[in-house]
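Asker: Here's the letter readout for the chains.
Protein chains: 2
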Amino acid sequence: MGEALGGLKRSMYCGEPRESDIGKKITLMGWVQRNRKLGGLDFIDLRDREGIMQLVFGEEINKDAFEKANTVKPEYCIAVTGEVVKREATNDKMPTGMVELKCDMIKILSESQTPPIYIKEGLDASEQVRLKNRYLDLRRPDMQKIFILRNKVTKVARDFLDNNGFLDIETPILTKSTPEGARDYLVPSRNYPGMFYALPQSPQIFKQLLMISGFDKYYQIAKCFRDEDLRANRQPEFTQIDLEMSFVEEEDVIEVNERLISTIFREVLGHEVKLPIARMTFKDAMEKYGSDKPDIRFGMEITDLSEEVKDIDFVVFKGALENGGSVRALCLKGGASMGRKDIDRLGEFVKTYKAKGLAYIQLKEEGIKSPIAKFLSEDDMTSIISKMSAETGDLILIVADKNSVVFQSLGALRMDLAKKFELIKDKSEFNFCWITEFPLFEYSEEEERYTACHHPFTAPMDEDLDMIETDPGKVRSKAYDLVLNGEELGGGSIRIHDMELQQRMFKALGFTEEEAWARFGFLLEAFKFGPPPHGGLAFGLDRIIMFIAGTDNIRDVIAFPKNQNAYCYLSEAPNIADEKQLEELGINIKVKEDK
Amino acid sequence: MGEALGGLKRSMYCGEPRESDIGKKITLMGWVQRNRKLGGLDFIDLRDREGIMQLVFGEEINKDAFEKANTVKPEYCIAVTGEVVKREATNDKMPTGMVELKCDMIKILSESQTPPIYIKEGLDASEQVRLKNRYLDLRRPDMQKIFILRNKVTKVARDFLDNNGFLDIETPILTKSTPEGARDYLVPSRNYPGMFYALPQSPQIFKQLLMISGFDKYYQIAKCFRDEDLRANRQPEFTQIDLEMSFVEEEDVIEVNERLISTIFREVLGHEVKLPIARMTFKDAMEKYGSDKPDIRFGMEITDLSEEVKDIDFVVFKGALENGGSVRALCLKGGASMGRKDIDRLGEFVKTYKAKGLAYIQLKEEGIKSPIAKFLSEDDMTSIISKMSAETGDLILIVADKNSVVFQSLGALRMDLAKKFELIKDKSEFNFCWITEFPLFEYSEEEERYTACHHPFTAPMDEDLDMIETDPGKVRSKAYDLVLNGEELGGGSIRIHDMELQQRMFKALGFTEEEAWARFGFLLEAFKFGPPPHGGLAFGLDRIIMFIAGTDNIRDVIAFPKNQNAYCYLSEAPNIADEKQLEELGINIKVKEDK
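Those protein sequences? They're chains R and G, same order as listed.
If you read the first sequence in my numbering, its first letter stands for residue 1, the second for the next number, and so on.
If you read the second sequence in my numbering, its first letter stands for residue 1, the second for the next number, and so on.
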């Protein structure tokens, strides 16, 4: 059993002693990073969350302490008392590197077995081992830094929102399905056997109700839940900075959120975000970058060649144009030298985005090479090259198809080429951009109906109101996303606050009145009582932290994450439940299957 | 459909205009509190979260606005522009009562039906109607105040903890059973059909793991879940201010939490909590007040009469003493005049706490009256009266039984009498008290074994370590509760950080090694790697807000609460689930029962 503190108090963190502390008698507590003997002395590096301090023990300093120090091993938890002295061999790399602690007392608070992972900067273990031994993984200084950073981000965000009149109000976790459309986690009810709560995918409806309640400005750092198959950077539970404001229009929401984001980046990273942040309509983003979250740290925009090729007798181009599609292209600077095989691979790549193929034009020193050259007159070729602003040495890559396929495939190809050819020069850049004027609806081939692009409470743009019934695909919405370096940081919208309009919206989405009331009746009911104009936004907090911490793994920014099967290696959740409890809940397990 | 804002910006809250604003042109937005005509003018009281402002419309101010203002009804949401002018008939009761707004523009942003509850201070509706129409109930100024207060309490707590080096770290909601011993909410897993997550009853294990991770000081304002039958002031989901510290002993945890609580009461209420807060051992609390959360705003302590009555030949007293119990009493000042029926009712009352009866001695002007007088000599009577410090006019109430029954029944009787006889003089007093030295174990008659009083990670007091195996009922723990006016505000303990001791603890609790590892193995495993001494505490945030807001209904301090059956009248959760989803989860509904 370890020794008790017995009233001993720590006087500093290990990372704190400096030259100005020389001569002070202090007490430190922490974990042994390493323990080595040198010239009859015993040196221990002692670590806590704030840093590392070198301890020195010697027979002539204190014999008992020296002998006990000899026995400690890495990750023992110890307390020591001693005098801060100047170090002989100083270490510039450590903030405490000018001093060391001459120790006359050591308590072994607890011992440690050899840990299964090294506690140091950088990774040495598989993710499974790290997650299983998360408490040790979290001891690593780079993980400690991430959670100190995360704490700072939420604190700065809260301070900002508080200063701007937002009220932090908690919304329920045990609730009813919310309208995001992903799969809910369910919680069986004991009081109502056969009935279920749902965990919220977001506080969407409740924050709108808070606006109807007159709270005016709401925020919450809110846990959200989605029972989806986890792609690389998703977790079953994740955190949003969620906010909503009354008596506002798009500009107001955008303005306050720009200040929020710039405050976070300034206070946490010392980085100045240039305000106002650039804006781009959804249409422009798709046409230029083939994406609603364009990475605009580099150019290589998509160019529309439909006009240039409209008279060409090439069945692929003709077919695309006749079916209402388009012919568009990228120009890869200096790409003409790419070999046939590599270009073929690009062709395979775009096929994964449903493009039928990839035409290309190589502008080589020795002349133009292109499999479609035979369909083009010299004038055609000249006008294409001119439209693409292509020069000798460049490679033009062309997709002809319906627009959605053209955008998606060229957008993905653009990102793929950027990676391959390192088109993003400054990796430390934070390039923000608002995307606006999203479509209100998108057509779901699967469900054979229009679905809401954001959610069914998003307001249409005033000028497009008339098209809700006649041409829903063309209606734009008062929605906005904030994109950083090609990733969505957050998004929101002005909401519908009019019951009639909300009902038109539900109708366009194919809900019967009964279905709409069954799902969202309490919100519709609330609309009867003077709802204010309102709108809001939610940022993915985990994603913000990933950017700020410079990691591309969401599991690095969540203290106790789950794996891609939503399994926790540490606690072994999910796990079996007590038969008696299932009995009380009125449920049976149908399938019993071990994975 | 309501009018659009069309770029109109609010310049102030309704509660803000003052005499110093006279002459300013401002725009306000809010809800119509009332609309009345007077002397050819139209007066509207406009309300938002910050207060109420009087608007005035007239034909000669602006005819269009006047006519439109005539049409608005209570709870319409409107925007107005006008000039702040001095009010003729000032109103001292309103902060804005010196001015009014002479309006030349009004927009009706949305209309309202007649609301089912009045939007005003004070209650006029049943709780069910309030909860069903929560968005309207929350518009009432007293509810708005509560959530503005709640926001302030959490902000002050966060600022304090941040300033004191605590890191806000999120712990999982989808997790495994935690050791509190109440019933968990379960969440069926889709990836592992037949397996379940549990919602946390507290972040207990995770916060201890964070200490083992070296985070040193953790806090979280954490949602917790218990699927229990809801007593008056319980909710299935509730919120804790949860914290944990490394390298500390009891004094350290108590000290920082005293400062936290006093900071909250000072910053939010302007109330100075006298520090240090008084302390009482569990033993004293039980012996003097018959409760581990004693209300010490009044005296009337329990007095032990065992010594005085030990030789009396009264079977009830004798029996109690022979069985290791005791004879104890309360002295109700001025209670001698209580009638027989009322005293009988007190006898019925203590029977609900398993006491077999209530003996009494009335010290009337005309002489002593007592059904047990016949068993007592004059000397016995004198020594009882003297021990009780009773005087003519007082009533002595005696219970003889085993100690647990004596304490519980007299403790409850003490509170009951305090209420009936208004013994608590100053209702605005905040009387804090720490209760310490809780027993580590309590014997569960039902389970026929010892259970943990707090939780199985609570450390025993050093001086009692040896009794864990030999006399577990006598072992005291390093646990502490903070009690305010007879209610538990929070509690915590120093934790065991030694695996051997933890295993002795589990053994004493009757867990086999296998059971202990199945439930808490990941914590035991973590103990192998240098766990620091640590301890912490959790406050019930909802309860703190209840005290600060002066309400005794927990549902008043939760924005969207559930009723006592854990049902939400507003969203109608829990509700039926989709068959397809249950299929994916691999569960069947066994009972289908509508309540």
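Some clues are possibly wrong.
Remember, identical chains collapse to one label, so a pair may be satisfied in a single copy or spanning two.
Claimed, not checked - Calculated lysine-lysine pairs in the DSS-like style (CA-CA distance at most 25 Å, straight line):
| # | residue 1 | residue 2 |
| --- | --- | --- |
| 1 | Lys341 | Lys474 |
| 2 | Lys283 | Lys474 |
| 3 | Lys420 | Lys132 |
| 4 | Lys351 | Lys310 |
These aren't lab readings, by the way, just hints derived from the structure by calculation.
Small disclaimer: the values here were computed from a predicted structure and weren't measured.
Asker: Take the hints in turn and mark each one as holding or not.
Answerer: Hints, verified against the model:
For the homomeric pair Lys341 and Lys474, neither the shortest alpha-carbon distance inside one copy (41 Å) nor that between copies (81 Å) is at most 25 Å. For the identical chains of this complex, Lys283 and Lys474 are intra-copy neighbours only, at 11 Å inside a copy versus 75 Å across copies, given an alpha-carbon limit of 25 Å. In this homomeric assembly, Lys420 and Lys132 never come within 25 Å of each other (Cα to Cα): the closest approach is 35 Å inside a single copy and 58 Å across copies. Taking the shortest alpha-carbon separations for Lys351 and Lys310, only the intra-copy value of 23 Å comes in at or below 25 Å, while the best inter-copy value is 96 Å.
Consistency with the previously given hints fails for numbers 1 and 3, ordered from lowest to highest.
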